[in-house]
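*Asks:* In case you want the letters, here they are:
Protein chains: 2
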Amino acid sequence: MMNQIEQEKIKIIPNGSISSPKGFKAGGIHCGIRKKKKDLGIIISDVPAASAAVYTMNIFQAAPLQVTKESLADSPYLQAVVVNSGNANAFTAEQGLWDAYEMRDAVAKTFNLSPMNVAVSSTGVIGERLPIERITAGIAKLPESLSSDNGWDFGEAILTTDTFVKSIAIEISVEGKKVIIGGTAKGSGMIHPNMATMLAFITTDANIHPDVLQKLLRDVTDQSFNMITVDGDTSTNDMVLTMANGLAENTPLDEYHPDWEVFYQGFTYVAKQLAKWIAKDGEGATKLVSVEVHGATSPMMAKAIAKKIVGSNLVKTAIYGADGNWGRIIMAIGNSGYQVDPQLIDITIGPITVLKHGLKTFYSEEKVSEALSQDEVKIHVDLHLGNCSAEAWGCDLTYEYVRINASYRT
Amino acid sequence: MMNQIEQEKIKIIPNGSISSPKGFKAGGIHCGIRKKKKDLGIIISDVPAASAAVYTMNIFQAAPLQVTKESLADSPYLQAVVVNSGNANAFTAEQGLWDAYEMRDAVAKTFNLSPMNVAVSSTGVIGERLPIERITAGIAKLPESLSSDNGWDFGEAILTTDTFVKSIAIEISVEGKKVIIGGTAKGSGMIHPNMATMLAFITTDANIHPDVLQKLLRDVTDQSFNMITVDGDTSTNDMVLTMANGLAENTPLDEYHPDWEVFYQGFTYVAKQLAKWIAKDGEGATKLVSVEVHGATSPMMAKAIAKKIVGSNLVKTAIYGADGNWGRIIMAIGNSGYQVDPQLIDITIGPITVLKHGLKTFYSEEKVSEALSQDEVKIHVDLHLGNCSAEAWGCDLTYEYVRINASYRT
Chain V
1 MMNQIEQEKI
11 KIIPNGSISS
21 PKGFKAGGIH
31 CGIRKKKKDL
41 GIIISDVPAA
51 SAAVYTMNIF
61 QAAPLQVTKE
71 SLADSPYLQA
81 VVVNSGNANA
91 FTAEQGLWDA
101 YEMRDAVAKT
111 FNLSPMNVAV
121 SSTGVIGERL
131 PIERITAGIA
141 KLPESLSSDN
151 GWDFGEAILT
161 TDTFVKSIAI
171 EISVEGKKVI
181 IGGTAKGSGM
191 IHPNMATMLA
201 FITTDANIHP
211 DVLQKLLRDV
221 TDQSFNMITV
231 DGDTSTNDMV
241 LTMANGLAEN
251 TPLDEYHPDW
261 EVFYQGFTYV
271 AKQLAKWIAK
281 DGEGATKLVS
291 VEVHGATSPM
301 MAKAIAKKIV
311 GSNLVKTAIY
321 GADGNWGRII
331 MAIGNSGYQV
341 DPQLIDITIG
351 PITVLKHGLK
361 TFYSEEKVSE
371 ALSQDEVKIH
381 VDLHLGNCSA
391 EAWGCDLTYE
401 YVRINASYRT
Chain F
1 MMNQIEQEKI
11 KIIPNGSISS
21 PKGFKAGGIH
31 CGIRKKKKDL
41 GIIISDVPAA
51 SAAVYTMNIF
61 QAAPLQVTKE
71 SLADSPYLQA
81 VVVNSGNANA
91 FTAEQGLWDA
101 YEMRDAVAKT
111 FNLSPMNVAV
121 SSTGVIGERL
131 PIERITAGIA
141 KLPESLSSDN
151 GWDFGEAILT
161 TDTFVKSIAI
171 EISVEGKKVI
181 IGGTAKGSGM
191 IHPNMATMLA
201 FITTDANIHP
211 DVLQKLLRDV
221 TDQSFNMITV
231 DGDTSTNDMV
241 LTMANGLAEN
251 TPLDEYHPDW
261 EVFYQGFTYV
271 AKQLAKWIAK
281 DGEGATKLVS
291 VEVHGATSPM
301 MAKAIAKKIV
311 GSNLVKTAIY
321 GADGNWGRII
331 MAIGNSGYQV
341 DPQLIDITIG
351 PITVLKHGLK
361 TFYSEEKVSE
371 ALSQDEVKIH
381 VDLHLGNCSA
391 EAWGCDLTYE
401 YVRINASYRT
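Order-wise, the sequence lines are chains V and F.
Counting from 1, one number per residue, gives the positions in the first sequence under the UniProt record's numbering.
Counting from 1, one number per residue, gives the positions in the second sequence under the UniProt record's numbering.
Quick caveat, the hints were computed from the structure, so don't treat them as lab data.
Treat the hints with care, as some may be off.
Which copy is meant is left open, so a pair is good if it fits within one copy or across any two.
[Claimed, not checked] Capping the alpha-carbon separation at 30 Å, the derived lysine-lysine pairs in DSS-like fashion look like this:
| no. | residue 1 | residue 2 |
| --- | --- | --- |
| 1 | LYS178 | LYS360 |
| 2 | LYS378 | LYS35 |
| 3 | LYS35 | LYS360 |
| 4 | LYS9 | LYS35 |
| 5 | LYS177 | LYS141 |
| 6 | LYS356 | LYS69 |
| 7 | LYS276 | LYS37 |
| 8 | LYS35 | LYS367 |
Put together the whole structure using the sequences plus the hints.
*Replies:* What follows is the structure, encoded as structure tokens:
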């Protein structure tokens, strides 16, 4: 569901992807890290693109993140991003760093770029050396797969335990000019011996200064990728990276630009959509869970409470069982560490208010259970203390989650 | 396994319980809150006992906790503790408070005590009114059930989804006099529509000032009950309460007393044993998981890392699947927020070192899997940064956990 600006100003491009914006091409192939599935992908911009990234908060940052940081620190313009799945190149010591450099150099050489204009990213097994020969051989083949129609191949090549490709592109108007924003992501699903990794890539042909883009990305990530929880664990390889190549030829966007609001909303729409798909595709998940918290006294408080609810194993299992156990929502709120007044709280599950001013209403258990049986379950909490809100997304906790994560290496 | 002081100075009393210390009696009956199981229990001391308690950190503290706090604030001496299972009397507004008062008054009247010498505790359903008539009728019958042999009945009456009674008593020597410490607890298991509650009661006939007892309890709780994790959620009703009636007639214990060390170790032994049983009896658990972290630069750091490892869903499912996935242990360490050096870390699973100075060793997957198939799984991490250690306990995450917590009310 879109809000008003989104409805009026944002046009979704059918089958859109990260190669939809002007001047972007992408490709994805199988290079032999995984048995059969695509495992190597690339995004290329015709011209150097203003770029920005945010990284995992896990203190062990994998080698590719360090190399990408180095590229962006040199100058915040990228022309290529290469990603492999099947091996995270994490906890691989000095060797991992050399392998990530070699991967970056191979792309630079193949596409005739400066290594400092190339970013690298990896997802998969932790603690095992990257099969660098297969990757460099694969990189040599990437030019053949490159096309402005192949964004979905890239989206496929970065997946690990995800069950579907997450790809979107939208069109907005800036100064009457067409601007496209595309995105793709992979989820925080984890299967042995893979590490969790959340990767997201957002491309646009908008003209925007790297500093403005970095600030935008941080802000939007806080409302989207940082508001999803699959199982509370944060990987060593998480990264969100964005590239803006300016080929739409608008005057540079910033918060004083008359079309800033629509660009901001469009960028946020893409990020939130990717984040929701990641949550929906959490390992073993059968439902997307959306939690809205209103009436908090600060944005931090609203965010913390929304995430506590969506992240609670007890709430997640109750939702799996379609069980209207609002006591667990209360408990999660109480575990946030923030002072709230129990006698002011309203809780609504789907369309049914189960708690009003801290008192249980006379609701039908059957109707609550029905609301909890939908593909998307909405929980709405009003604390009635202030004016701040937040939304968080997650999924239910199922037998399948346990099966996937308990099973032996195969 | 006991350490040296424990082995030499602590004697475990067969079938010991909270009624083993001199002057303590206990009882447990069925009063009709639950269908068939015992649901009302009491501990009585012949004389007022120095008492201390620690409470849940959840900001919503249930009514009985507020009433118990009031009793202890009046004077830190209790003579009775009454506990019901089947209903938590939590999130019951003003009414819940009146019901808890009525429960306390009924015990005071029946046993001819001051209400301020009575503590109350409840565990079970949240958000529903206490069936106070059944409870007061049950309290009137409690004197018949009271005996110094009935500690296990009390232990049974406080259970909810626990699968076994947790009861222990030990004997130590203070000034050559026999001192007994008894304990019982119920686990943090949760089943719909019950709330999680961890309750523990420790009794002793030692003579100790309430202030010293409070300090001891806080210190020991930090090393025992606060170091267990079943699913990361904290209930509104959690409480650890201790009573020391002084009938052993030792001179008051404090840290300058020559036998302080043995008393401290004995008290800690009882608390840790109860804590480990709670972890082992976590919902759906098949294994007790012990995580020791060494070489931290502060006790806080050691504790935080041990709890992150034992609380990670990914580590817990890997242990369920007997899968030696040390990458998940690394990830949990990295999520603690503390700076550690990856190149110094050793990780040992059971007897097998899988990571040495940050590098994977040449271990046998089969042997690691064997170590992970034991009833108690031990994980040992050395950070090689400092001299601080901590131990935490938890359990595996299983299909059964999901089944229990997803199932409808019956």
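*Asks:* Confirm or reject each hint.
*Replies:* Each hint, compared with the structure:
Taking the shortest Cα distances, LYS178 and LYS360 never come within 30 Å of each other, neither inside one copy (51 Å) nor across copies (52 Å). When the C-alpha separation of LYS378 and LYS35 is checked against a cutoff of 30 Å, the pair qualifies neither within a copy, at 39 Å, nor between copies, at 34 Å. Within a single copy, LYS35 and LYS360 get their C-alpha atoms only as close as 54 Å, which misses the 30 Å cut-off; across copies the closest is 24 Å, which meets it. Taking identical chains as interchangeable, the C-alpha atoms of LYS9 and LYS35 are never at most 30 Å apart, the minima being 43 Å within one chain and 60 Å between chains.
Taking the closest pair of Cα atoms, LYS177 and LYS141 never come within 30 Å of each other, the shortest separation being 35 Å inside a single copy and 83 Å across copies. Taking CA atoms no more than 30 Å apart as the test, LYS356 paired with LYS69 passes between copies only; the shortest distance there is 28 Å, against 49 Å inside one copy. Within a single copy, LYS276 and LYS37 get their C-alpha atoms as close as 24 Å, which meets the 30 Å cut-off; across copies the closest is 44 Å, which misses it. Taking identical chains as interchangeable, the C-alpha atoms of LYS35 and LYS367 lie at most 30 Å apart only when they sit on different chains, with a minimum of 27 Å there against 46 Å within one chain.
In this structure, the hints that do not hold are numbers 1, 2, 4, 5, in rising order.
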